[in-house]
Amino acid sequence: MGYFFKNFVYTPSPDGLGYLQFLPELLSTQPNNICLRDSLNAVAMTSLANVSSTSILHFKADQLYSIALRSMGAALRSCSGEDDAALLAAVFLIQKREALSGNVNAMKPHETGLVQLLRARAPRKPQSEPEAGLLWTIHARLQLRSMDGGKSCAEGLDALDLTKGPQRPLQSGLNHMYGNVSKFCRDIKRLTKLNADGLSSSSSIIELTRALDKAFETERELAAWPSNLPPGQMPRAVELASGEVSPDLRFISKLYTFPQIQDGCRWSVYWTSRIQLLGAIIEGLNLVSQTGMRYNSPLSREAINHGMQSAADSICSTVPFMIGEVDPEGCPMVGQGGQALGAYFATRFIHIVNEIPFLPEQQRLWTLDCLLKLGQVWGIGAALQSRAQITKRYQLVPVI
1 MGYFFKNFVY TPSPDGLGYL QFLPELLSTQ PNNICLRDSL NAVAMTSLAN VSSTSILHFK
61 ADQLYSIALR SMGAALRSCS GEDDAALLAA VFLIQKREAL SGNVNAMKPH ETGLVQLLRA
121 RAPRKPQSEP EAGLLWTIHA RLQLRSMDGG KSCAEGLDAL DLTKGPQRPL QSGLNHMYGN
181 VSKFCRDIKR LTKLNADGLS SSSSIIELTR ALDKAFETER ELAAWPSNLP PGQMPRAVEL
241 ASGEVSPDLR FISKLYTFPQ IQDGCRWSVY WTSRIQLLGA IIEGLNLVSQ TGMRYNSPLS
301 REAINHGMQS AADSICSTVP FMIGEVDPEG CPMVGQGGQA LGAYFATRFI HIVNEIPFLP
361 EQQRLWTLDC LLKLGQVWGI GAALQSRAQI TKRYQLVPVI
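Each step along the sequence shown adds one to the number in full-length UniProt numbering, with nothing skipped, and position 50 is 50.
Please keep in mind that the hints were generated in silico from the structure rather than gathered at the bench. Among the hints, erroneous ones may be present.
[As the list claims (entries may be wrong)] With a Cα cut of at most 25 Å, we get these calculated DSS-like pairs of lysine-lysine: (1) 373 / 254; (2) 108 / 193; (3) 193 / 183; (4) 189 / 392; (5) 108 / 214; (6) 392 / 373; (7) 189 / 6; (8) 6 / 60; (9) 193 / 214; (10) 108 / 60; (11) 6 / 254; (12) 108 / 183; (13) 214 / 254; (14) 214 / 189.
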């Protein structure tokens, strides 16, 4: 339990965000909630087992996961409005356990259950600061997940009142743009399937052009967003000496550092949103070509590819800070312990970087090395799973 709290519960500064900072108070106010306790035991043992590589701990983690699932089933059958915050937290923790273990069910039962619980309680405002923090954390995760063009997890969450949560000045204007990214990515997947099934029509072609118009508008807004920020909210660029960087590693010729892990996370979400939007725009333009329709793209393919590569380079430049190799000043943190939280976030961002089909091979191999470190050093099972998928997809031979 101590390892999990040290590595994944992040206390916010007065002007920043935390992560799972609501958990200690939620546990103290509901000490007898069996479902929450069992879910926390399961995810905590999984996180410890992964870094220890001890078979008996993995066996114990599986046992605790089974117990947590039984407790969750009982809680769902008897759930009332008074304890739904604890139940939401329990489901969220079990979902995190999936990522840490690397054993993600393709049907996403925990994520589906989480969304259904949120929709059921949507009309009710959070009753406390911990509950508001919990809802914002879940919403932020689902929003990130929904930008991959798959099944939307964030749909229906707009009714949640998160105003009692911590202040988030850096998010100003971004949530609306992220919502547009999610919608466009879903629309492109749907329209592409219609075309593949031979069901494309004049109305779907019109919808496609309108969706592309909106996507390019959103891309302009995203590209302009950093220019409206004060210097103190921008990433700190630490230039590396030319002799320290191999010609094959030009994508990390500089490092980005931040005051806190969560600042690096927010900027990485921003960069991944651009990768996913621009990638979906390319899919949309390819679909336009297949239908024989004329469309005047405001950006050339070269400019779109450059935007995706630039965002990928920025994420790679952030990884050393996220995994605790350098401090906010850019100085090496040799022999100092960091938090697994940054590695947990970085796993998702590196996975999205690898969605870029034209990513240089040396850069892709570098990300495989990062994923191996995230899995072996920090116990993030999803990192090893992502590494295996990338290696198979691109038929790569990792150095290690």
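Hints versus structure:
no. : hint      : in the structure
1   : 373 / 254 : 20 Å, holds
2   : 108 / 193 : 22 Å, holds
3   : 193 / 183 : 16 Å, holds
4   : 189 / 392 : 23 Å, holds
5   : 108 / 214 : 30 Å, violated
6   : 392 / 373 : 18 Å, holds
7   : 189 / 6   : 40 Å, violated
8   : 6 / 60    : 20 Å, holds
9   : 193 / 214 : 20 Å, holds
10  : 108 / 60  : 23 Å, holds
11  : 6 / 254   : 29 Å, violated
12  : 108 / 183 : 20 Å, holds
13  : 214 / 254 : 33 Å, violated
14  : 214 / 189 : 16 Å, holds
Hints 5, 7, 11, 13, counting from the list given before, are not met by this structure.
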